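> Residues per chain are reported as follows:
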Amino acid sequence: MGVTCVCQMPVAEGKSVQQTVEILTRKLELLGAEKQGTFYVDCETYHTAASPMGNQGQQGKLMYVMHSSEAPLSCYALFENGPCLIADANFDVLMVKLKGFFQNSKANKIESRGTRYQYCDFLIKIGTVAMGPSARGISVEVDYCPCVIVNDCWNLMVEFMQSFMGSHAPGLPSVFSNKHESVYSPADTMVQYMELLNKIRKQQQGPVSGIR
Amino acid sequence: MTDTDALRNAKRSTRIDAWCGYTMEAPPVSAMPVSGGTINMMEYLLQGSVLDQSLESLLHRLRGLCDNMEPGTFQDHEMVFLLKGQQGSPFVLRARRSMDKPTMPWHLRYLGQPEMGDKSRHALVRNCVDIATSDNLMEFLLEMGFRLDHEFVAQGHIFRRGSMKIVVYKIFRLLVPGSTDSIEALSLSYLVEVSVVAPAGQDVISEEMRNFAEQLKPLVHLEKIDPKRVM
Numbered sequence: 005m006g007v008t009c010v011c012q013m014p015v016a017e018g019k020s021v022q023q024t025v026e027i028l029t030r031k032l033e034l035l036g037a038e039k040q041g042t043f044y045v046d047c048e049t050y051h052t053a054a055s056p057m058g059n060q061g062q063q064g065k066l067m068y069v070m071h072s073s074e075a076p077l078s079c080y081a082l083f084e085n086g087p088c089l090i091a092d093a094n095f096d097v098l099m100v101k102l103k104g105f106f107q108n109s110k111a112n113k114i115e116s117r118g119t120r121y122q123y124c125d126f127l128i129k130i131g132t133v134a135m136g137p138s139a140r141g142i143s144v145e146v147d148y149c150p151c152v153i154v155n156d157c158w159n160l161m162v163e164f165m166q167s168f169m170g171s172h173a174p175g176l177p178s179v180f181s182n183k184h185e186s187v188y189s190p191a192d193t194m195v196q197y198m199e200l201l202n203k204i205r206k207q208q209q210g211p212v213s214g215i216r
Numbered sequence: 226m227t228d229t230d231a232l233r234n235a236k237r238s239t240r241i242d243a244w245c246g247y248t249m250e251a252p253p254v255s256a257m258p259v260s261g262g263t264i265n266m267m268e269y270l271l272q273g274s275v276l277d278q279s280l281e282s283l284l285h286r287l288r289g290l291c292d293n294m295e296p297g298t299f300q301d302h303e304m305v306f307l308l309k310g311q312q313g314s315p316f317v318l319r320a321r322r323s324m325d326k327p328t329m330p331w332h333l334r335y336l337g338q339p340e341m342g343d344k345s346r347h348a349l350v351r352n353c354v355d356i357a358t359s360d361n362l363m364e365f366l367l368e369m370g371f372r373l374d375h376e377f378v379a380q381g382h383i384f385r386r387g388s389m390k391i392v393v394y395k396i397f398r399l400l401v402p403g404s405t406d407s408i409e410a411l412s413l414s415y416l417v418e419v420s421v422v423a424p425a426g427q428d429v430i431s432e433e434m435r436n437f438a439e440q441l442k443p444l445v446h447l448e449k450i451d452p453k454r455v456m
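Residue numbers (my numbering), protein chains in the order written: chain A, 5 to 216; chain B, 226 to 456.
Bear in mind the hints are in silico, worked out from the structure with no lab data behind them.
Warning: the hint list may mix true and false statements.
To be verified - Here are the simulated DSBU-like cross-link-like pairs (lysine-lysine), alpha carbons at most 35 Å apart as the crow flies:
# : chain 1 : residue 1 : chain 2 : residue 2
1 : B       : 344       : B       : 453
2 : B       : 453       : A       : 101
3 : B       : 309       : A       : 206
4 : B       : 442       : B       : 326
5 : A       : 103       : B       : 442
6 : A       : 110       : A       : 203
7 : A       : 65        : A       : 206
8 : A       : 65        : B       : 309
Please read all numbers here as calculations on a predicted model, not as lab measurements.
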C-alpha cells in the first residue's frame, strides 16, 4: 500500500446513505474503476475500568482496537493523539485477559464495510459506516499504491478525488501534517479511520440523545 | 465464506436497510478479518541450570539430540511491565526485542498463573499469549498505564526438537537502566528451559518432555519448578 487518504462523504440531500453510496460507485464505474471484492474496517472502544492508584490521568482515556480486511491477520491498537501499535491477532486475546483493567464498550463498536475498487494505480474503498444496526455515514478511502511520500503525490490524489467526489474532496488530513517527506505507513491509515469513525459516532450521538 | 457468515451478513444488511427505509443487496464480504486469535494456549515448561564449565558438553549433547538445524544463538532484551489495579495482584506483561536481529518484530508475552498439577503431570503449565508487535511497544505499554518493573538481557543458544523448544541462556543485568551497552552476568551458570506451547488439555506433551529430559541426565536435571517456592 501507498499514501492513503480517508475522508467522509456527506449524504446527498434528500437521499439515503445507500443511495448516496450508489451514486458514488456509479461515478467510479463510469470512470473505468473495476470492482475488486469488498472490504471491512472495524473499531472497538475500550475504557479504563478503574483508575489505577495515584494515576488519575489515566481515567477517561480511551483505547481503540481496530481490524482491517486489508491486513486480516493484524490488529491495530491506538490512543487518540497517541501511539498506534501494530500487532498480530492475538492482541484480541490479550484484551480479554485485560478485562479487569480495560472494558470493551460494546455499544460503541463502529465499522465501515463496502466495495473495493481499483482504478489504475488507485485503490478506492467506499464504505457504509454503521454502529450496530444503524447506518451512520459514508467513508471514502483512496490509496495511491506506487508512492509512500505524501508530498510527492498529494496533488495528484486531490485531483483524482475531485473527479468523483466533486467539491467534497477533502483537504490535507491531519496525520499528513508531520509526514510531508517521511514514509507513510499502514498505521497512518488506521489513525485516519479512527478519527473519522469517532467523528461520525459523535455527530450522530448528539441528535439521537436530543430526541429522547 | 461460510454459510453462517453469509447469514450473519445478510441479517446485518437487512437491519441497516430497515433503518434507512431502503432495500439493497447485502454486500458480499470476501475477506473477513480474523479477530480473536488463538484462545487458551498453554505453555508446558521444565527448567534447570548448568554451571558455565559444563555448558559445552550440554550443547554437544543437545546438538546430537535435537532436530538438524543451524545452531541458533540469540541475544534478547526483555522488559517486564506491571499494571497495578486498585486491588488484587498487578497484571504482568513481558516485552522482548532481539538485539542481534534488530529488524525482527518485538515480542509481547502474557503468562498466567503457573499450575503445578499433580505427580501425573510432568511439567509446569501456564496460560500464555504470544503477540508479535511493532517496535513502538514500550511507548504503547506506558500509554496504557503500565510501568517498567525490571529488565534484563538473555543471551544464549536455542534448539528445537519437534514441537519442543530448548533454550540455554545466561541472564545479564543492565548496569545503566535502559542501556544494553554495559551488562553484567548475574551468575556463573546457564539457565536451561524446555517448553512447548499447545492448546489446553494436552497433558501427553508433558510425558514427551519428561522423556526428553531423561535423555539429558546427568548433564542437567530438568524439573517443574514452582516459581512461588523459589521466591
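> Confirm or reject each hint.
Checked hints:
The straight-line distance between the Cα atoms of residue 344 of chain B and residue 453 of chain B is roughly 18 Å, inside the 35 Å bound, and the hint therefore holds. For the proposed pair residue 453 of chain B and residue 101 of chain A, the alpha carbon gap of about 21 Å is at most 35 Å, so the pair holds. For the suggested pair residue 309 of chain B and residue 206 of chain A, the alpha carbons sit about 32 Å apart, so the restraint of at most 35 Å is met. A threshold of 35 Å between alpha carbons decides the hint, and for residue 442 of chain B with residue 326 of chain B the separation of about 33 Å falls inside it, so the pair holds.
Our distance criterion of 35 Å between C-alpha atoms is broken by residue 103 of chain A and residue 442 of chain B, whose separation comes to about 43 Å. Restraint check for residue 110 of chain A and residue 203 of chain A: the C-alpha separation of about 18 Å stays at or below 35 Å, so the hint holds. Proximity of residue 65 of chain A to residue 206 of chain A is assessed by CA-CA distance (about 16 Å); at most 35 Å being required, the pair is judged to hold. Between residue 65 of chain A and residue 309 of chain B, the direct Cα distance comes to roughly 16 Å. Compliance with the 35 Å bound is thereby established for this hinted pair.
Checked against the numbered hints above, the structure violates only hint 5.
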